[in-house]
Amino acid sequence: MTNHEQYEVNFFKPLSDHAKANKKLISSLAIIWAVAVFGFHFLLIFITTPTPEQTLDDFNSVWPQVVEDTSATIEMKQVFAKSMLMVLGKNIAVKDNHKTVLKESLSWSVYSMQPDSVKPLYKLEPKSAAISIGLSSDGFDKIMRNLLTTSLIKVENYSLSNESIEVLPEIMKLYLVHNQSFLTDFKFLGFPFHYWYTAQFLLILFVLLCVFYAVSIDKLNKKHAFAEET
Amino acid sequence: MNKLYKILYSIFFTLVLSGNLFAQSATKLEGEFKFGPAVILIVLLVTFILVGVFNRAKDTKTYWAAGRKISPVGAGMAIASNWMSAASFLGMAAIMYGSGYHGLSYVVGWTGGYVLLLILMAGQIRRYGKYTAADFIGDRYYSQGLRGVGAGLAIFISFSYCVGQFAGIGLMFKWILGIDYEWAVIIGASVVLTYTLISGMLGVTKNMQIQYVIIIISFIIPLFILTYKFGYFAWLPQVGYGQVISDIVNGIAPGGGLSSMGHDFAILPSPEFAMPWDPATGQTAFQWLAICFSLMIGTAGLPHVIQRFYVVPRAKDARWSVVWGLFFICILYWSAPVYSAFGKILSSNPEVGKLAKDAIVVYTAQLGDLYPLIIGFLAAGAVSAAFSTVSGLLVAGASAFSHDLYFNVINPKATEKKQMLMARIGTILMAAGVAIIALMKLGLIAQLVAVAFSLAGCTIFPLFLLGIWWSGSNRTGAWAGLIAGGSVATVTLVYFIAGKMGATLPYQEFINYYLNAWYFAWLGAPLAIIANIVASKLSKDKTPIEIKKFLAEKVHGVKVN
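As they're listed, the protein sequences go chains R and D. The working numbering applies: residue 1 is where the first sequence begins, and numbers increase by one. The working numbering applies: residue 1 is where the second sequence begins, and numbers increase by one.
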């Protein structure tokens, strides 16, 4: 006589002591696994706040004047030009159509810094542009200097196009605001903590969980005289 | 094992020799024949074929399950090299290079799934004792129809997984030989087909151990040099690159005297590289979680991964082979972000030009001005990674075709010889088909591979999970689950293909975001599980007592008096 219920396998209703212990082991490991991976990332979603780079503040502080052109000082336009270069320096992260807007705005600002007497004959080229923007030859300024060689384009009528005026603040926001919190600012082994946690610790944890399971289940099988092979 | 060392030693010796002879050949980024790397590649390929010949499969049993004669460490290496494909070797760094932290969802997704696989399935699958995933499905759900569908799915999943690999092989052959992508794919496909046919699984398993060693060495050597060269902690590059990440976030000012190929080792502050779901990458937190989850579930449902547990002699060995396998895999996954970080800095100068993301690993080594032969070895390692996975996939696909479809469904009277022939025909058909699709260049390597994962997660994973842990799950439930998971997959893929062809369907944007081809399993898998449970409960159909008995006694070791 066989009874269906004797053979009813159900993870949540273990049939033997061995299965009970096994269930406990699997559940604990699965919970640790889920909390470590998804719990941490929900926490990250919850506590990170959009944080602007200094460059965005710089840009925003001069943008209202620069867009009007007449009320902007040379210094303001220099700040503006540098903020364009800071975003262009992100290179591969920046979309091509955004690069075009940034380049146009940069080129326009360099041109508009020139005295009126020079403007009609002025030719955009990296060396004089670097002087106009006030870039030194070391530190980040040197990178920006190099960027100038690929970033200056001929500007239509030497004025900022309406489309650029419209999209530029959004573009700056897109590339200069990042999700940050103490978890991303805190450093561990040189890493931003969250990066270390995900790229290294989680993998270490996975291996440890597996080792722990393999050892535990071997012990469990021995304890309950569970014959694995028949 | 002794044989293995001998082979590795001779490979190493040949490499050093060829290295000294042709040291100065690989300098241009693209477009020329690279003699040194070509020699390395040929040496490796000839070795793989010879190893295959010496370990030839004699009958169907050997062909499918390698006679179950492999130690856990060896099986772990085989799992790792079977796993570490072009997507791991090339694709992962490519995604992190382009999308920063978003790429880590692939790193975590492709490792975390092994925890599930181990604690929920590995030992049980081994004790169930079947040869293929479809065998299990057909047997557990007592249905020839489901066996056929299972086999079809196994073939389809292996197939789409292979396409990404062939694309990677094509990319590397193109780089090394300086030939067209088309020819590169055709040559690569022919070679991988040849040795899978000659060797079968035993040869492939031996090959996989050798390939693992080659893959990991070729991948890691450049990292020591890069971290040392640019002044980071080089004793353990996997830790040393932490400072590189922070430096990318804060920017590196030129002036340390460090440069490479005429460019300063410098970058303006780029927090978008490390901050989570950065707006600049266009990727959201939801996508991070969905990809991570889908890849994990998919890992535990991939036929060619599950099938590896049949190779080990005992359930205990099956478990330890996963532990070792995961550790070996993690060595590569701890290292891959290093390439994307150095790649980000070294290509930050616009003068470098736009680089093919999928080849960023190799480009990074080139831009770091490494010894050309090391770069060649790296490229050959990438080919090995793709090869080892492809051969495993071809075996899985071919056995699904010959064993599950032909022998079990179409012609149960087929002789051993006939089955073997069908396995070979299946392998050839599949390789040819994959090569044709790979020539179409449908997407990035990692993208193509991710489709296979979501597909496996929606269909095969629920069948295994419920099949092993709940004897109440029956044939009706299995069909319901397959239909639910399959529908999600179909909707996703229809929208995906329509999008690729430029057509617009209703709610296109909504579907493309929530049911994207790379991560639709986040919805499909839970739906399939729920459908399976509900239909099993509602239907009058009951799992036969023999199957319940087998499951309880054999698989879960319950003793009933």
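None of these hints come from the bench; they were simulated from the model. One or more of the hints may lead you astray.
To be verified - In silico PhoX-like links for lysine-lysine, alpha-carbon gap of 20 Å or less:
hint : chain 1 : residue 1 : chain 2 : residue 2
1    : R       : Lys219    : D       : Lys559
2    : R       : Lys123    : R       : Lys95
3    : R       : Lys222    : R       : Lys82
4    : D       : Lys559    : R       : Lys222
5    : D       : Lys500    : R       : Lys20
6    : D       : Lys537    : R       : Lys20
Claimed, not checked - Between beta-carbon pairs, the in silico distance windows are:
hint : chain 1 : residue 1 : chain 2 : residue 2 : range
7    : R       : Lys13     : D       : Glu509    : 42 to 50 Å
8    : D       : Tyr513    : R       : Phe40     : 48 to 56 Å
9    : D       : Thr194    : R       : Asp17     : 29 to 37 Å
10   : R       : Ile131    : D       : Pro506    : 53 to 61 Å
11   : D       : Tyr513    : R       : Ile153    : 32 to 40 Å
12   : R       : Ile153    : D       : Gly256    : 27 to 35 Å
13   : R       : Phe186    : D       : Ser539    : 26 to 34 Å
14   : R       : Pro52     : D       : Ser71     : 16 to 24 Å
It should be emphasised that the depicted structure is a prediction, and the values quoted were computed from it without experimental measurement. Ideal Cβ positions, reconstructed from N, Cα and C, are used throughout, including at glycine.
Here is how each hint holds up against the structure:
no. : hint                             : verdict
1   : R:Lys219 to D:Lys559             : holds (19 Å)
2   : R:Lys123 to R:Lys95              : violated (27 Å)
3   : R:Lys222 to R:Lys82              : violated (69 Å)
4   : D:Lys559 to R:Lys222             : holds (15 Å)
5   : D:Lys500 to R:Lys20              : violated (50 Å)
6   : D:Lys537 to R:Lys20              : violated (24 Å)
7   : R:Lys13 to D:Glu509: 42 to 50 Å  : holds (45 Å)
8   : D:Tyr513 to R:Phe40: 48 to 56 Å  : violated (24 Å)
9   : D:Thr194 to R:Asp17: 29 to 37 Å  : violated (53 Å)
10  : R:Ile131 to D:Pro506: 53 to 61 Å : holds (57 Å)
11  : D:Tyr513 to R:Ile153: 32 to 40 Å : holds (34 Å)
12  : R:Ile153 to D:Gly256: 27 to 35 Å : holds (32 Å)
13  : R:Phe186 to D:Ser539: 26 to 34 Å : violated (54 Å)
14  : R:Pro52 to D:Ser71: 16 to 24 Å   : violated (56 Å)
Taken one by one, the earlier hints fail for this structure at numbers 2, 3, 5, 6, 8, 9, 13 and 14, listed in ascending order.
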